[in-house]
Each structure stands twice: as structure tokens, then as C-alpha cells.
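Student: So you can see what is in the structure, the chains are spelled out below.
Protein chains: 2
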Amino acid sequence: MENNAIPKATLGRLPHYLRYLKGLSPGTSPYISATSIAKALDLGDVQVRKDLNAVSGAGKPKIGYETEALIRSLETVLGCDHMTAAVLVGAGKLGKALLDYDEFEEYGVRIAAAFDCNTQTIRLNRTKEILPMTQFDSFCKSNHVQIGIITVGQGSAQSVCDRMLKCGITAIWNFAPCALSVPAGVLLKQEKLALSLAYLNNQLKKSF
Amino acid sequence: MENNAIPKATLGRLPHYLRYLKGLSPGTSPYISATSIAKALDLGDVQVRKDLNAVSGAGKPKIGYETEALIRSLETVLGCDHMTAAVLVGAGKLGKALLDYDEFEEYGVRIAAAFDCNTQTIRLNRTKEILPMTQFDSFCKSNHVQIGIITVGQGSAQSVCDRMLKCGITAIWNFAPCALSVPAGVLLKQEKLALSLAYLNNQLKKSF
Numbered sequence: 005m006e007n008n009a010i011p012k013a014t015l016g017r018l019p020h021y022l023r024y025l026k027g028l029s030p031g032t033s034p035y036i037s038a039t040s041i042a043k044a045l046d047l048g049d050v051q052v053r054k055d056l057n058a059v060s061g062a063g064k065p066k067i068g069y070e071t072e073a074l075i076r077s078l079e080t081v082l083g084c085d086h087m088t089a090a091v092l093v094g095a096g097k098l099g100k101a102l103l104d105y106d107e108f109e110e111y112g113v114r115i116a117a118a119f120d121c122n123t124q125t126i127r128l129n130r131t132k133e134i135l136p137m138t139q140f141d142s143f144c145k146s147n148h149v150q151i152g153i154i155t156v157g158q159g160s161a162q163s164v165c166d167r168m169l170k171c172g173i174t175a176i177w178n179f180a181p182c183a184l185s186v187p188a189g190v191l192l193k194q195e196k197l198a199l200s201l202a203y204l205n206n207q208l209k210k211s212f
Numbered sequence: 005m006e007n008n009a010i011p012k013a014t015l016g017r018l019p020h021y022l023r024y025l026k027g028l029s030p031g032t033s034p035y036i037s038a039t040s041i042a043k044a045l046d047l048g049d050v051q052v053r054k055d056l057n058a059v060s061g062a063g064k065p066k067i068g069y070e071t072e073a074l075i076r077s078l079e080t081v082l083g084c085d086h087m088t089a090a091v092l093v094g095a096g097k098l099g100k101a102l103l104d105y106d107e108f109e110e111y112g113v114r115i116a117a118a119f120d121c122n123t124q125t126i127r128l129n130r131t132k133e134i135l136p137m138t139q140f141d142s143f144c145k146s147n148h149v150q151i152g153i154i155t156v157g158q159g160s161a162q163s164v165c166d167r168m169l170k171c172g173i174t175a176i177w178n179f180a181p182c183a184l185s186v187p188a189g190v191l192l193k194q195e196k197l198a199l200s201l202a203y204l205n206n207q208l209k210k211s212f
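Chains as they are written, first to last, in our numbering: chain A, 5 to 212; chain B, 5 to 212.
No wet-lab data here; the hints were simulated from the structure.
Identical chains blur together in the list; that is why a pair holds if it fits in one copy or across any two.
Listed below are the simulated DSSO-like cross-link pairs for lysine-lysine, each with C-alpha atoms no more than 30 Å apart in a straight line: (1) LYS12 <-> LYS210; (2) LYS196 <-> LYS43; (3) LYS26 <-> LYS196; (4) LYS193 <-> LYS209; (5) LYS43 <-> LYS193; (6) LYS145 <-> LYS132; (7) LYS26 <-> LYS209; (8) LYS196 <-> LYS209; (9) LYS132 <-> LYS209; (10) LYS210 <-> LYS26; (11) LYS170 <-> LYS209; (12) LYS209 <-> LYS64; (13) LYS54 <-> LYS209; (14) LYS12 <-> LYS132; (15) LYS145 <-> LYS210; (16) LYS210 <-> LYS170; (17) LYS54 <-> LYS210; (18) LYS210 <-> LYS132; (19) LYS170 <-> LYS132; (20) LYS64 <-> LYS210; (21) LYS209 <-> LYS145; (22) LYS193 <-> LYS97; (23) LYS54 <-> LYS193.
Could you build the full structure based on these sequences and the hints that come with them?
Tutor: This is the structure:
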């Protein structure tokens with residue numbers, strides 16, 4: 005299995021394949037063809053074959069893919085067989101919205117908790133809590149948290165980031181509208197929500 | 005001025021140029037060089053020159069750009085001289101977070117109001133309101149709304165989209181995790197928040 009360079013668009017389709025394959029009734033053939041997956045999900049044959057090749061190698065000619073093996077490969081690539089723990093700092097509206105977003109788990113990431121400065125522990129639902137920052141360091145260390153999501157304001161984003169890195173976090177997803185500086189080796193994804201809207205607006209003006 | 009194909013990354017830097025140029029004290033030279041902008045904003049010379057060429061044509065050799073003209077070009081491309089009105093449907097946590105996000109106006113888009121099914125009018129701040137869906141059609145028509153932002157659940161996203169199109173909206177920014185079908189000519193941007201996190205997670209696993 006080649007897990008080195010899966011493009012973002014391919015990655016986005018993998019949960020659909022996984023959901024479909026897991027939903028197949030038991031007792032059907034142990035093999036499945038790219039063509040039947042493509043038909044069921046309303047995708048192109050060639051695209052499905054290319055996507056699946058990226059995660060599990062080519063199917064057998066005229067037989068297809070072994071369904072169980074394909075499920076295992078998809079789970080491995082998506083990380084569903086070994087969830088990555090994430091924490092979120094900044095439990096304002098955006099932070100709470102992300103905390104509610106179930107789709108992340110389909111991609112192998114579980115937001116284990118949210119933190120905020122001005123809070124006492126709030127239990128949101130069966131599994132998620134908003135905790136005070138005083139518990140941040142010990143939580144990250146004992147839960148082997150690897151991903152930090154920053155949804156605080158611009159003014160405190162860098163100090164939150166520094167604290168995350170000190171606690172062993174190695175990947176940062178930043179929603180604060182400011183550039184963060186991180187040492188080499190740390191993964192940093194700057195989310196720019198406004199940019200999607202800007203692009204849409206620019207295309208809109210162009211089309212008249 | 006060439007407004008046909010401004011790449012997203014360039015578009016993302018334009019508000020920085022605009023803010024910098026507008027902040028220059030009056031009485032300084034009416035011209036500015038790409039080099040001095042680059043130095044002030046900690047960007048590369050070549051990048052700044054390329055970005056500015058895309059919005060206003062080349063600067064004059066050894067003189068640079070006429071500051072006032074450059075400001076006007078940036079405002080035109082970003083649409084700040086003629087704001088596009090947007091509405092948002094679905095005033096849950098994500099919807100409210102987007103409504104709070106000031107950065108959109110820097111890119112020429114103003115979220116004029118949010119709508120929700122189960123609400124009476126709520127005044128959020130000086131200028132923004134959450135209105136009941138019963139007022140949606142008349143609001144869109146009288147405010148010439150062009151962009152619709154969908155932050156409802158998967159189940160009602162398509163019907164919200166259809167209603168937006170009926171009211172004259174021609175660009176849709178969809179946060180619901182489902183594919184929408186729109187007629188040709190309508191601009192559609194599907195936001196996939198989970199994908200950024202999935203990509204980060206995939207890179208994280210790769211790096212070990």
C-alpha cells in the first residue's frame with residue numbers, strides 16, 4: 005500500500021468508498037469491481053480505479069478487489085483503525101461548531117476535548133467536554149494528543165500554538181487570521197475561510 | 005486592469021497590500037516601489053511584483069506604482085468599492101461564527117443577514133440580524149443578494165439552495181456535507197472543512 009502522496013481530492017472520496025463497502029450485505033461476493041463501485045456512487049470508472057489503486061494497489065483483472073482487504077486498506081489510510089487525538093483551544097462559536105462536527109471521525113481524527121481560558125468544566129455530550137486551560141498540559145500528555153486546533157483570536161494564537169508544541173503536539177490547524185511561526189518539522193495548516201468567499205465573489209464579478 | 009484569472013493565493017495577499025497602502029502617511033511620495041512594499045510586508049520582491057501586475061499592470065521602471073491608482077485597482081478587484089451582499093441560512097453555531105467573522109468585508113462581501121426557520125428577529129449587533137425564513141424572499145430581492153451561504157444540515161441543504169436560486173442568488177457557498185445540484189451558470193463552492201484535517205492527519209502519519 006502506498007500512503008505517500010494521496011491527493012486531497014482523492015482523500016475526500018475515501019470515506020464514501022468505505023461507507024459503501026461496509027454497507028454491502030454479507031453473503032455477497034468477496035470481490036468487488038471498480039465498475040460496480042463507480043455505478044453505485046455515481047462516479048467515473050477511471051476515477052474510482054485511480055483512487056483505489058492509490059490506497060490498495062490494482063484490483064485483479066476481471067475479478068476486482070477483495071472487499072475485506074479493501075476495507076482494511078481504506079481504514080488504514082484514513083486512520084480509522086488508529087484514531088489521532090486532537091484538541092481545540094478557543095471554545096467560542098467557531099470552536100463549538102467544529103466540536104460538533106461529526107465528519108472528522110470519518111477521517112480518523114477525534115477532537116478529544118476543547119479548552120478555554122474562562123471556563124469551568126462543561127460536559128457537552130456523552131464524550132466531549134470544554135475544560136479550563138489549567139488542565140491543558142496534563143490532558144495533552146496523558147492522551148497523546150498530536151493535533152492542535154486553534155480557534156482563539158489573533159492576539160493569543162501564537163502563545164496557544166507555542167503551548168501546544170510544548171505539550172508534544174506536532175500538527176497545528178489554525179483558524180485565527182494570522183501567520184504563526186513554528187519550528188521545522190511541525191505541520192501547519194492555515195485555514196482561510198474568507199478566501200473561499202473572496203474567490204466566489206471574484207468569479208461572480210468576472211461572469212458579468 | 006486584468007481581472008480574469010487571479011489565483012486564490014494572490015487574492016489572499018491583496019487585502020494586506022491594500023491595508024498597507026492605505027496606512028501610508030499622507031505627504032509621502034505619490035509613487036511606491038514593489039521593493040518597498042515587499043520589505044514592509046516581509047514578502048519576496050518577485051511575488052509582490054507578480055501580484056500587483058495581476059491587478060494593475062506593471063509599475064513604471066525606477067519609479068514604481070502610483071499609490072492612489074494602485075489602491076483603487078485593489079479595491080476594484082477585491083470588490084470593496086462595490087460590496088456584494090450575501091445571506092446565510094442556518095443560524096446554528098457555525099452560521100453564527102461566520103456571521104461574526106469580520107474578515108469577509110475585506111474581500112468585498114458583506115453578510116447582510118442570517119435566516120433560520122425557528123426564530124423571531126434577533127438583533128445581534130449594530131448591523132446584523134437573524135431573521136425568520138418568512139422574510140427570506142423579500143429580503144433577497146430588495147437587497148439584491150447575490151451570494152447564499154448554506155449552514156443548515158444535510159437534510160435541508162438542497163431545498164435551501166433551490167429557494168436561494170429562485171430569489172435571484174447566483175453563487176452558493178455550501179457548508180452542508182452533501183453535494184448540491186445547481187443549474188449551469190450558477191457558481192457553487194462546496195466547503196469541506198473535514199478535508200483540511202484529513203490532509204493534516206495523513207501527512208502526520210506519513211512523517212513517522
